[in-house]
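Protein chains: 2
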Amino acid sequence: MVQDIYDKIMMLAKRRGYIYPSFEIYGGIAGFYNYGPLGSQLKNNVEKLWRSFYLLRDNCIEIDTPTITIYEVLRASGHVDEFTDLTIDCKKCKRSYKVEDILEKGTTVEDAIKSGTLKCPSCGGILKNPYNVNLMFSTSIGVGERRKAFLRPETAQGIFTDFHLLYRYVREKLPFGVVQIGKGYRNEVSPRQGTMRLREFNMAEAEIFFDPENKEHPNFNKVKDKELYLFDNEKNMKLSLEKAVKDGIINNRALAYYMYLTQEFLLSAGIDSKKFRFRKHADDEMAHYATECWDAEIYSERFDWIECVGIADRSAYDLSAHIKSSGTDMYVLRKYEKPKIVEVKKLIPNMGKLGPLFKDKAGKIKEILEKMEVKDTKKISVVIDEKTIKIPDDCYEIVETNEKKIGDKFVPHVIEPSYGIDRIIYCILEHNYHEINKKGEEYRIFTFKPYIAPIKTGVFPLISDNKLIKVAKEIDKKLRDCSISTYYDESGTIGRRYARMDEIGTPFCITVDYDTLEDNMVTIRDRDTTKQKRVKITDTVSFIKEKIEISCC
Amino acid sequence: MVQDIYDKIMMLAKRRGYIYPSFEIYGGIAGFYNYGPLGSQLKNNVEKLWRSFYLLRDNCIEIDTPTITIYEVLRASGHVDEFTDLTIDCKKCKRSYKVEDILEKGTTVEDAIKSGTLKCPSCGGILKNPYNVNLMFSTSIGVGERRKAFLRPETAQGIFTDFHLLYRYVREKLPFGVVQIGKGYRNEVSPRQGTMRLREFNMAEAEIFFDPENKEHPNFNKVKDKELYLFDNEKNMKLSLEKAVKDGIINNRALAYYMYLTQEFLLSAGIDSKKFRFRKHADDEMAHYATECWDAEIYSERFDWIECVGIADRSAYDLSAHIKSSGTDMYVLRKYEKPKIVEVKKLIPNMGKLGPLFKDKAGKIKEILEKMEVKDTKKISVVIDEKTIKIPDDCYEIVETNEKKIGDKFVPHVIEPSYGIDRIIYCILEHNYHEINKKGEEYRIFTFKPYIAPIKTGVFPLISDNKLIKVAKEIDKKLRDCSISTYYDESGTIGRRYARMDEIGTPFCITVDYDTLEDNMVTIRDRDTTKQKRVKITDTVSFIKEKIEISCC
Numbered sequence: 025m026v027q028d029i030y031d032k033i034m035m036l037a038k039r040r041g042y043i044y045p046s047f048e049i050y051g052g053i054a055g056f057y058n059y060g061p062l063g064s065q066l067k068n069n070v071e072k073l074w075r076s077f078y079l080l081r082d083n084c085i086e087i088d089t090p091t092i093t094i095y096e097v098l099r100a101s102g103h104v105d106e107f108t109d110l111t112i113d114c115k116k117c118k119r120s121y122k123v124e125d126i127l128e129k130g131t132t133v134e135d136a137i138k139s140g141t142l143k144c145p146s147c148g149g150i151l152k153n154p155y156n157v158n159l160m161f162s163t164s165i166g167v168g169e170r171r172k173a174f175l176r177p178e179t180a181q182g183i184f185t186d187f188h189l190l191y192r193y194v195r196e197k198l199p200f201g202v203v204q205i206g207k208g209y210r211n212e213v214s215p216r217q218g219t220m221r222l223r224e225f226n227m228a229e230a231e232i233f234f235d236p237e238n239k240e241h242p243n244f245n246k247v248k249d250k251e252l253y254l255f256d257n258e259k260n261m262k263l264s265l266e267k268a269v270k271d272g273i274i275n276n277r278a279l280a281y282y283m284y285l286t287q288e289f290l291l292s293a294g295i296d297s298k299k300f301r302f303r304k305h306a307d308d309e310m311a312h313y314a315t316e317c318w319d320a321e322i323y324s325e326r327f328d329w330i331e332c333v334g335i336a337d338r339s340a341y342d343l344s345a346h347i348k349s350s351g352t353d354m355y356v357l358r359k360y361e362k363p364k365i366v367e368v369k370k371l372i373p374n375m376g377k378l379g380p381l382f383k384d385k386a387g388k389i390k391e392i393l394e395k396m397e398v399k400d401t402k403k404i405s406v407v408i409d410e411k412t413i414k415i416p417d418d419c420y421e422i423v424e425t426n427e428k429k430i431g432d433k434f435v436p437h438v439i440e441p442s443y444g445i446d447r448i449i450y451c452i453l454e455h456n457y458h459e460i461n462k463k464g465e466e467y468r469i470f471t472f473k474p475y476i477a478p479i480k481t482g483v484f485p486l487i488s489d490n491k492l493i494k495v496a497k498e499i500d501k502k503l504r505d506c507s508i509s510t511y512y513d514e515s516g517t518i519g520r521r522y523a524r525m526d527e528i529g530t531p532f533c534i535t536v537d538y539d540t541l542e543d544n545m546v547t548i549r550d551r552d553t554t555k556q557k558r559v560k561i562t563d564t565v566s567f568i569k570e571k572i573e574i575s576c577c
Numbered sequence: 025m026v027q028d029i030y031d032k033i034m035m036l037a038k039r040r041g042y043i044y045p046s047f048e049i050y051g052g053i054a055g056f057y058n059y060g061p062l063g064s065q066l067k068n069n070v071e072k073l074w075r076s077f078y079l080l081r082d083n084c085i086e087i088d089t090p091t092i093t094i095y096e097v098l099r100a101s102g103h104v105d106e107f108t109d110l111t112i113d114c115k116k117c118k119r120s121y122k123v124e125d126i127l128e129k130g131t132t133v134e135d136a137i138k139s140g141t142l143k144c145p146s147c148g149g150i151l152k153n154p155y156n157v158n159l160m161f162s163t164s165i166g167v168g169e170r171r172k173a174f175l176r177p178e179t180a181q182g183i184f185t186d187f188h189l190l191y192r193y194v195r196e197k198l199p200f201g202v203v204q205i206g207k208g209y210r211n212e213v214s215p216r217q218g219t220m221r222l223r224e225f226n227m228a229e230a231e232i233f234f235d236p237e238n239k240e241h242p243n244f245n246k247v248k249d250k251e252l253y254l255f256d257n258e259k260n261m262k263l264s265l266e267k268a269v270k271d272g273i274i275n276n277r278a279l280a281y282y283m284y285l286t287q288e289f290l291l292s293a294g295i296d297s298k299k300f301r302f303r304k305h306a307d308d309e310m311a312h313y314a315t316e317c318w319d320a321e322i323y324s325e326r327f328d329w330i331e332c333v334g335i336a337d338r339s340a341y342d343l344s345a346h347i348k349s350s351g352t353d354m355y356v357l358r359k360y361e362k363p364k365i366v367e368v369k370k371l372i373p374n375m376g377k378l379g380p381l382f383k384d385k386a387g388k389i390k391e392i393l394e395k396m397e398v399k400d401t402k403k404i405s406v407v408i409d410e411k412t413i414k415i416p417d418d419c420y421e422i423v424e425t426n427e428k429k430i431g432d433k434f435v436p437h438v439i440e441p442s443y444g445i446d447r448i449i450y451c452i453l454e455h456n457y458h459e460i461n462k463k464g465e466e467y468r469i470f471t472f473k474p475y476i477a478p479i480k481t482g483v484f485p486l487i488s489d490n491k492l493i494k495v496a497k498e499i500d501k502k503l504r505d506c507s508i509s510t511y512y513d514e515s516g517t518i519g520r521r522y523a524r525m526d527e528i529g530t531p532f533c534i535t536v537d538y539d540t541l542e543d544n545m546v547t548i549r550d551r552d553t554t555k556q557k558r559v560k561i562t563d564t565v566s567f568i569k570e571k572i573e574i575s576c577c
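These protein sequence lines are chains X and F, in that order. With positions in the first sequence counted from 1, the corresponding number in the working numbering is that position plus 24. With positions in the second sequence counted from 1, the corresponding number in the working numbering is that position plus 24.
These aren't lab readings, by the way, just hints derived from the structure by calculation. All the pointers check out, no bait thrown in.
Where chains are identical, the list cannot tell them apart; a pair therefore holds if satisfied intra-copy or between any two copies.
Okay, derived cross-link-like pairs now, DSSO-like style, lysine-lysine, Cα gap no bigger than 27 Å in a straight line:
hint, residue 1, residue 2
1, Lys67, Lys207
2, Lys72, Lys571
3, Lys197, Lys428
4, Lys72, Lys246
5, Lys385, Lys411
6, Lys429, Lys239
From just these sequences and the hints, can you work out the full model?
Dropping the structure here:
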C-alpha cells in the first residue's frame, strides 16, 4: 500500500516520540492522541512562541480557568442549546454518524432522507431520523445533590465570566486582550481524521475587548502596508491590511490587525506561506456567537485546506449573555469630555407594599428597581432566578430628576483569534518534513525553525573514548544548565548520529574530537547547510543561544 | 473580624489579579479557582523552574496525555476500586461530608457511629451509614453506545500506559524518568479549605523507572553530603542523604536523590527552609500503590503543615497491573554478562485441537501458549478478555529444550515525586508576603525570586512628559521583544508606582528621567534593597536578563 505523507509522518512521529495514539494498550479510541517526549517539547515551544506574540508583542494578559465548567455558564453562552451536531444512527450496525460527514455535496439532509440515499458507510443500511446531539462532555460535581457541569468547549468562557475583574486589572481602559492556553473538549460523534479532529485538544484563544465605536488597534499603523494572504472562496489575493479594510473586505482595523498577527505567528512557527490563506466564512457557516469570521487555513496534502485558526468578531454576544443571566455589571463607561445634565425617570420602591407582597424577594426587587432606567411608564417587571415578576403600580413611585451624567454605558465588543494548537503542530510537521535520497537510502529531515525544534543540539564525542566522553558530557551539562535542551549520543558512527538528529529536526550538532583536547574547540554542524564550524568550548552556549532565541536582542 | 494571613493574601490575590474564585458571577462553587493575569504567569514560572530541574538538570523526558481517561486504564490501576473517600450524608439538611473531616482525633468511625457522637457540623443532626464514594469525575465518550471514562486523578497513568514506547525512546536503558505537567481531578465530597483542596488542580509528576536491584541515581554521589530536612513524626532532623540511606531511614539512594531534588526545587521557588520538612508516611496512610512514601510538607500559618509533594516508591505496582490487564509486554531485560544455556519447558500448541474447540479465539490462545513459561505440568489456563480459559491437555505438547538465555526479564520499579502546583503556589505567596509600616501606612511586598516573579520590571517615565514617555515606551518595547515581561506605568507619583510594583512582587523598576535625555542612562531600582543604580539604556536588557535567569551561565 502506498503511504501518503500523513501515514509517513504519523509512523515517524510514533517511532521517534512525537505523537502516540492514546490508550493504545487498551485498543485505543478515536479522537485522542498523546504527545511523546519530542511532541510535548514541540508543543511547549509553539506555545512559547504564541505567548511571545500575544503577551509580549501585543501586551495581552493571560488567565487560567478550570476545564470543568458549571452548567449556568454554558447555558448562558448558548452552548447548551447550540453546540450540537446533526447526528444519525444506523439501526442495523449500531454506528452513529455526523450527518455532515456522510452527506453528498449539494444535497440537503431532507432530500437525502426522503429519497433514501443516505446510507450507512459501514453496512449500507438506510439511515433515518437525524437528531441533534450536544457535543459537550458532561459530568457532575460533588456527591448527593450533584451539580451539573461540562468540560469546556472553548477556553473563552473562562475569560468572559471574569471580564469585570480583568477590566479592573487593566485599570479600566479599552482595548485590552486576555488569552488562555489550555484544553478544550468536543465529544465528536465519530471522529475519523486522525489528529485533525480530536475530542480533547489544545487551544490558545485571545479575547480582545473593544469599544464598538472604536475597533482600532494601537499598532495598526505600523503594519498597515503588510500584505495578507486572502481567499474569497474563488481566488487568492494578496492585499495590504489598509486596502482590505478600506475596500470593506475586512470589517475593521482591529480584526485586520489580529489576522496579520495570526499570519505572522503561523509563518514564524514554520508554516509554508504558499500553503496558507485566510478564508471568510459565509453567513450560514458561522458559529452562533459570531458576526464576522475568517479562518486561517493551512494546506495539507492529506486533508486539503484545513481551518487552524478562527478569527471571529463575537460582538457583544457573550458579555451581554452573561450580564443577562448573572446580573453582574459588566458594562464599560465611555466618558463624555465633560459631564452632561440629563433628565431621568427613577423608580422609588415602596417597601411598605413590596415587603408583605414579595417577602424574602422584596429586598432583591428593591435593589433592581432602584437601578432600573425607566423608558416609559408601562408595566414594570423584574427577573429573579429566571422568573419574571410583575410589580404592581402601587409598589413604586416614578420621579423625574435631573442628573449629572459622565458618559454612556456599553457592553464591549470582542474580537477572538482562536487557535487549534494540535492542527498547527501537525501542519508544522508536514510542511517541515523532507525526504531525500542519500547514498541510495531514504533520508528524512525535519527543518524546524531552531526556536521550535524540541532538541536544540546533539552533543557527541567523536568516538567512545573516555577522554572525549568526559569533555562532551561537561559541555552537555553546561548547555542544560543554561536551559538549552540537548541530546547526548555516543553510539554509532557520526553520520548515523547526524541522521538521528536530522530525523527529529535538531538544528545543531556539537562534536568533541581529539583536536578539542588540544585547542578547546568543538565542531558545530548546521542541519540545513550541513556546514561545520569550529567554535571555542567557552562560546558554545552563547553560539547556540543566539541561534535559538525567538527574537534577536 | 481579624483577618489571618490566608484572608489577607486571598484578598490581595483577588484585587491584584493573582487568584479569583471560579464562576463567581454564578455564585461560585467550592474547589475551583482561576489564576488571574499575575497568577497565571507565576504558575508558568514555577512550571518553567520545575522543568529546569526535571528536564534539564535530571534529563527526564516529558509527555502530554489526555485528561479524559478510559475506564480500562483506571480499573487496571486500581483507581476504580480504591480511589474513594468514606462519606456520610445528613438526612436532615442534605449535606454530605468526608468522614475523616468531621471525625474527632483518636476516635474510630465505628465508635463514633455506635455512640451517636458523629453529628452534622451544620445542623447537628446525627449521622449514620457511611459509604465509600469514588472521587473520580465520570463522563462518557461518543454517542449511542458510549464508552465509560473518567477525568484523570493523576497524570501518572498516561505515563505508565506508554511505558513500552517511552522505553524504546530512551533506547532501552534504565533508569530513566518521564514527567507530565497538567490537570488532575478529584471530586472532593465537600472541600472547605480554599485553594488547599481543589477539585481541579495542577500537578507535575515524575515517574522514574528503575531496575529494582539497582535503585541508584547517577548523580547521587555529587549530592550525598547535602542535608535533608526530615521529620520522623516526633522530631526534626537534618541528615545527609548518605547517612539517611545508610541508617535505613530512607529506603534507597534513588528515593533519597529525588527527595533532595524536591527540596532544592522548593527552596529555589521561594519556600522558606524553616517552614519545610519531609515526613514519612505511616504504613496505614499510604496510597494503594505505594510501598514507601515521603511527603514534602510546607508550613502555612492558616493550614499548619500541608503536603505539597508526595514522593512514593510505587514499586512495580502500576506496570504489573497494566501488563496483566492489557497483555502488553512491558518487561525489561537485565542482560547477563554472557549468555547462559538453560533448560526450558515449552508448550507446542496443537492447532488441530485448538481450532475446532476455541474457534476465533484459537489464534490468540496459540500466541499466549507459545510465550508461556512452564513451571510445572499442572493444568494450563490462559486469560482472554478477563476470562480464564482452561486448556485441555491434548491441545498442546510440552517439550524440554536447551535455550540460550541472555538475561532476566523483570518489571521496572517506579519512584514518583508528585507535586501539587497550586498548593506550592499558595505557599510561595504566603512565605513571600511581608507587611511593613511605611510612613504610617500599611505597605505590602511580595519578595518573589526574580525568576518566579510574574512581572520582571516596571518601566516608568518620571513624569507624564511626552519626551520621557517616548523613551520609556521604547525601552518597554525592547524588553518585551527580548521576552522580558514588563509593566509600563505613567500614572501617579513614582512612590505610588513603586508601591504598586512591590505589592505584586516585581523585582525591578526602570525610571526614565530628564537626565536620561542627556546621558542615555536610566535608574533601576531594586525591590528588596530599594537601592537605585544608573544603567546605560543599551545595557538594560542584559542587566535585567542576567538577574532573572534561573541559572547563571
